[in-house]
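Kindly produce the complete structure, drawing on both the sequences and the hints.
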Amino acid sequence: MTTIENPLAPDAADESLDPRDPLLRLSTFFDDGSVELLHERDKSGVLAAAGTVNGVRTVAFCTDGTVMGGAMGVDGCKHIVNAYDVAIEDQSPIVGIWHSGGARLAEGVKALHAVGLVFEAMIRASGYIPQISVVVGFAAGGAAYGPALTDVIVMAPDSKVFVTGPDVVRSVTGEDVDMVSLGGPEAHHKKSGVCHIVADDELDAYERGRRLVGLFCQQGHFDRSKAEAGDTDLKALLPESARRAYDVHPLVEALLDEGVPFEEFQSRWAPSIVVGLGRLAGRTVGVIANNPLRLGGCLNSESAEKSARFVRLCDAFGIPLVVIVDVPGYLPGVDQEWGGVVRRGAKLLHAFGESSVPRVTLVTRKIYGGAYIAMNSRSLNATKVFAWPEAEVAVMGAKAAVGILHKKKLAAAAPE
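The number in this note's numbering is simply the position in the sequence shown, starting from 1, with 1003 added.
Please note that the accuracy of each hint is not assured.
Said to hold, decoys possible - Below 30 Å or equal to it, Euclidean Cα-Cα: the simulated DSS-like pairs (lysine-lysine) are:
| # | residue 1 | residue 2 |
| --- | --- | --- |
| 1 | 1387 | 1350 |
| 2 | 1046 | 1081 |
| 3 | 1113 | 1081 |
| 4 | 1113 | 1046 |
| 5 | 1387 | 1238 |
| 6 | 1350 | 1194 |
| 7 | 1193 | 1350 |
Said to hold, decoys possible - Just the calculated beta-carbon pair ranges, DEER-fashion:
| # | residue 1 | residue 2 | range |
| --- | --- | --- | --- |
| 8 | 1120 | 1262 | 36 to 44 Å |
| 9 | 1262 | 1392 | 28 to 36 Å |
| 10 | 1177 | 1341 | 22 to 30 Å |
| 11 | 1238 | 1088 | 46 to 54 Å |
| 12 | 1250 | 1395 | 15 to 23 Å |
| 13 | 1361 | 1236 | 23 to 31 Å |
| 14 | 1245 | 1034 | 46 to 54 Å |
| 15 | 1111 | 1299 | 52 to 60 Å |
| 16 | 1245 | 1161 | 42 to 50 Å |
Derived by calculation from the structure, the hints in this document are not laboratory data.
For clarity, every value in this text was computed on a predicted model and none was experimentally measured.
We treat Cβ as the ideally placed atom computed from N, Cα and C, and that holds for glycine.
Following this line, the structure appears as structure tokens:
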């Protein structure tokens, strides 16, 4: 393997370098001077390397946007599969930097088979090593499923992810849509839920990827000296009226360690639930929190699916969970029932019930009905469940319960 200096270092800057150059991108992602190529550079459309990310041994590959638009052929796919083999053997995280138009058409079915072998490697690594995708250009056609098979997807502002492009969509369905609306970060962060994090620019995308490597692989140990209560009055972060909505983000940030950003996932998709990684007393933790500012904090089909996947992610990598609960129940409606709230809600029950990591629940204001069970209850083997003194834990709110239990008496009562 060959060690490469960072081309972006001041003494190595070269304005002639194509910004899509895979070596430039890999060197920008890795710690300075740590890049070791796993193979000789060629015209395969892929470059793979090993190196360090804040000292953590990491494997990465980059599809080469300068060669046939990063289209993936047999040789390039072999490089990716080999990178996965190295990462699995080393038990290292693997990061894919994506700029690819999909399989190479000229190589026909052989290219499709090769891409399928890449997917098999990703599936084999799932839950065993952290897989992070940083999409900096196109991830189109078959290449769209590469990031989708990984644990976390970071998208740069100019990136696009789609299976079929606008021209195909237009010719088949008659729908007129541009690339950004179809597969840009906004679409996948807000509408599809494919994107976990939208970066400010390409450099920020690499930085977010590096930060994720640290959260997954440098989990730390619980430090009691960092666990002392801070100066923030947590109850002051909630409105006095129990009927008023509030944003749960300040509460999440107040509970977590200062100086370490909370990496929220899918913040604009299913926003009635907040999920993400942070540090608590020096230890990486996963946070799941109902957000009363959106839909009153109700669980719905999308938020249940979002939470279930996050629980499984944390369970796979031994990350403890902190669950902050303020939920009136499941969102009612025909759209919810037809949208699979039963099927997707069951995924959340199954994820919590099967999870083996420490899981602590904090009930802040209320937890009613079926949501009581779903949000990491004792019946699903939560490690601890705490509640603030004023919290309500019940089948439903008092007023609604009286209306049902004493319906006949209320109907017979003389009007005042």
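Are there hints from earlier that the structure breaks, and if so, what are their numbers? none
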